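Colleague: These are the residues of each chain, in order.
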Amino acid sequence: QQPVQSPQAVILREGEDAVINCSSSKALYSVHWYRQKHGEAPVFLMILLKGGEQKGHEKISASFNEKKQQSSLYLTASQLSYSGTYFCGIAISGGYQKVTFGIGTKLQVIP
Amino acid sequence: DAGVIQSPRHEVTEMGQEVTLRCKPISGHDYLFWYRQTMMRGLELLIYFNNNVPIDDSGMPEDRFSAKMPNASFSTLKIQPSEPRDSAVYFCASSPPGQGGRQPQHFGDGTRLSIL
Chain A
347 QQPVQSPQAV ILREGEDAVI NCSSSKALYS VHWYRQKHGE APVFLMILLK
397 GGEQKGHEKI SASFNEKKQQ SSLYLTASQL SYSGTYFCGI AISGGYQKVT
447 FGIGTKLQVI P
Chain B
5 DAGVIQSPRH EVTEMGQEVT LRCKPISGHD YLFWYRQTMM RGLELLIYFN
55 NNVPIDDSGM PEDRFSAKMP NASFSTLKIQ PSEPRDSAVY FCASSPPGQG
105 GRQPQHFGDG TRLSIL
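Respectively, the protein sequence lines represent chains A and B. Residue numbers in the first sequence follow the numbering used here, run continuously in steps of one, and reach 457 at the last position. Residue numbers in the second sequence follow the numbering used here, run continuously in steps of one, and reach 120 at the last position.
One chain only, chain B, in its complex shape (with noise of 0.2 angstroms):
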């Protein structure tokens, strides 16, 4: 079975361009997540989104960054205009249904974003 695919795996951009991440999930996992992974923060929960509909953005870090999930096999993640704090690893996750708190969740290889 497919798991989680995100692309790019890498992105090297200027500072103030616009990055968009993308992420497909497991087919029939309802929920989906975005994290960023730092050394100092470790990994951080950005946003999810349970039946395409989001659920806690409070993650966020400001009105530069957006999440969308169109379709259950879709979401992306938008950096505007980037900066070069936002040089991280980004992961995109998905679970199957059942019970909060109960199910494991599948990662992608993730992004390696990079902004100079």
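Here chain A stands alone, though its shape is the one from the complex (with noise of 0.2 angstroms):
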């Protein structure tokens, strides 16, 4: 039931745009995404609700279609403090809180 994202690492240099995936196996009610920094804990940036929904924080969007049980994450002109592990968690159920996390995509964004 763990989401698959892709790539698993990329490196950027500052400036340029990248897009992380996530997908699911099952039907999906919703879509969270994290940032997690080296030895930090991760940090929660947006969750998305309905098909095709498109929410953003900064300079960081995501879309969700239902219908691929599919996320995507877009990080566009990307600064230096990008850099990390993103995560995506999914929820097939609104009954709980339930989220399973994908294994995450490790960005490295660079001068």
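Bear in mind the hints are in silico, worked out from the structure with no lab data behind them. In this text the structure is predicted, and so the values were computed from the model without any measurement. Wrong hints could be hidden among the right ones.
If you anchor each label on the Cβ, the simulated ranges turn out as follows [what the hints assert, rightly or not]:
no., chain 1, residue 1, chain 2, residue 2, range
1, A, Pro457, B, Arg68, 41 to 51 angstroms
2, B, Gly102, A, Gln348, 19 to 29 angstroms
3, A, Glu404, B, Met44, 25 to 35 angstroms
4, B, Arg89, A, Gly361, 34 to 44 angstroms
5, A, Ile456, B, Arg116, 21 to 31 angstroms
6, A, Gln347, B, Pro100, 23 to 33 angstroms
7, A, Lys413, B, Gly102, 23 to 33 angstroms
8, B, Gln84, A, Leu426, 35 to 45 angstroms
9, B, Pro100, A, Val350, 25 to 35 angstroms
10, B, Ser62, A, Val350, 14 to 24 angstroms
11, B, Thr80, A, Arg359, 37 to 47 angstroms
12, A, Leu426, B, Arg68, 35 to 45 angstroms
13, A, Glu404, B, Lys82, 38 to 48 angstroms
Derived list of chain B stretches under chain A, where covered just means 3 residues or more per stretch with a C-beta under 8 angstroms from a C-beta of chain A [to be verified]:
no., segment
14, 49-55
15, 112-118
Sample of chain B residues facing chain A (criterion: CB under 10 angstroms; computed from the structure) [said to hold, decoys possible]:
no., residue
16, Val8
17, Met43
18, Arg45
19, Gly46
20, Gln103
21, Gln109
Backbone N, C-alpha and C fix where the C-beta goes; we use that ideal spot for every residue, glycine too.
Reassemble the complex: the two chains are provided individually, in unrelated frames, and hints are given to aid placement.
Modeller: Here it is in structure tokens:
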């Protein structure tokens, strides 16, 4: 039930864009995105609840395609501070708060 | 506001010893989650509670692991006996009341556990 994230790792230069994908084998109720810097706790970025919904956080936005059971995280004009591991988490039910996380995508932004 | 508080931050112990990890959730949050993080498996959900009641413990690896939540402000995760393969970072997280799947989770700083 663990979502599949791609790519597993990416290196960007400052100012470049990146897309991280998250796909599920099960129908999704919601998709969560978190970022974790090395040695720190994961930090919440956003939740997407509806098919086709897009949300934004600074220059980071995401989309949720309910039919395809997938979500994508878009990082535009990347900054050094965007470096970290990005996790998507999926909820397949609205009954409880259970979220299953993917392995993560390691993003490194270099000058 | 205080975030999720975990203790200890680091624990090094020998195989066979009992390990107890502690967590204080954010006041007012009614969900509490225990996760284990490793390079190979990422963030694995071990168990979660709602209003102090365990809802899903299907992620607990085996009988050596147990978790309790005696009240709304405290939870423990215990490993007895510990084994080297239990070495990982253990996170506690809490989330506020609300419709399932819609609430963000707030993570503690984690406990880095090393079993020698």
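Colleague: Does each hint fit the structure? Answer for all of them.
Modeller: Verification of the hints:
Taking the beta carbon of each, proline 457(A) and arginine 68(B) are about 46 angstroms apart, inside 41 to 51 angstroms as hinted. Restraint check, glycine 102(B) to glutamine 348(A): a C-beta distance of roughly 24 angstroms satisfies the suggested window 19 to 29 angstroms. Between glutamate 404(A) and methionine 44(B) the beta carbon distance is about 31 angstroms. The supplied range of 25 to 35 angstroms therefore holds. Range check, arginine 89(B) to glycine 361(A): about 43 angstroms between beta-carbon atoms, so the 34 to 44 angstroms window is met.
Between isoleucine 456(A) and arginine 116(B), the C-beta spacing of about 27 angstroms keeps the proposed range 21 to 31 angstroms intact. In this structure the supplied range 23 to 33 angstroms holds for glutamine 347(A) paired with proline 100(B), their Cβ-Cβ distance being about 24 angstroms. Between lysine 413(A) and glycine 102(B) the CB atoms are about 26 angstroms apart, so this pair conforms to the stated range of 23 to 33 angstroms. The hinted range of 35 to 45 angstroms is satisfied by glutamine 84(B) and leucine 426(A), whose Cβ atoms lie roughly 43 angstroms apart.
The beta-carbon spacing between proline 100(B) and valine 350(A), approximately 29 angstroms, falls within the hinted interval of 25 to 35 angstroms. Distance hint check: the CB atoms of serine 62(B) and valine 350(A) are about 20 angstroms apart, consistent with the given range 14 to 24 angstroms. In this structure, threonine 80(B) and arginine 359(A) meet the distance hint of 37 to 47 angstroms, their C-beta atoms being roughly 46 angstroms apart. Between leucine 426(A) and arginine 68(B) the C-beta distance comes to about 42 angstroms, which sits within the given range of 35 to 45 angstroms.
In this structure, glutamate 404(A) and lysine 82(B) meet the distance hint of 38 to 48 angstroms, their C-beta atoms being roughly 40 angstroms apart. Counting residues of the segment 49-55 of chain B whose beta carbon lies closer than 8 angstroms to any beta carbon of chain A gives 3, which meets the minimum of three for the stated coverage. Given a C-beta distance limit of less than 8 angstroms, the hint that chain A covers the segment 112-118 of chain B holds, as 3 residues qualify and 3 suffice. The interface hint given for valine 8(B) is met, as the beta carbon of that residue sits about 8 angstroms from the closest beta carbon of chain A, less than 10 angstroms.
Residue-level restraint check for methionine 43(B) holds (minimum Cβ-Cβ distance to chain A is 9 angstroms; threshold 10 angstroms). Look at arginine 45(B): its Cβ gets to within about 7 angstroms of chain A, closer than 10 angstroms, so that hint holds up. With 10 angstroms as the threshold, the beta carbon of glycine 46(B) comes within range of chain A, its nearest partner Cβ sitting at about 4 angstroms, so the hint holds. Annotation: interface hint on glutamine 103(B) holds; nearest CB of chain A at approximately 6 angstroms, less than 10 angstroms.
For glutamine 109(B), the interface hint holds, since its Cβ comes within 10 angstroms of a Cβ in chain A; the closest pair sits about 7 angstroms apart.
No hint from the list above goes unmet by this structure.
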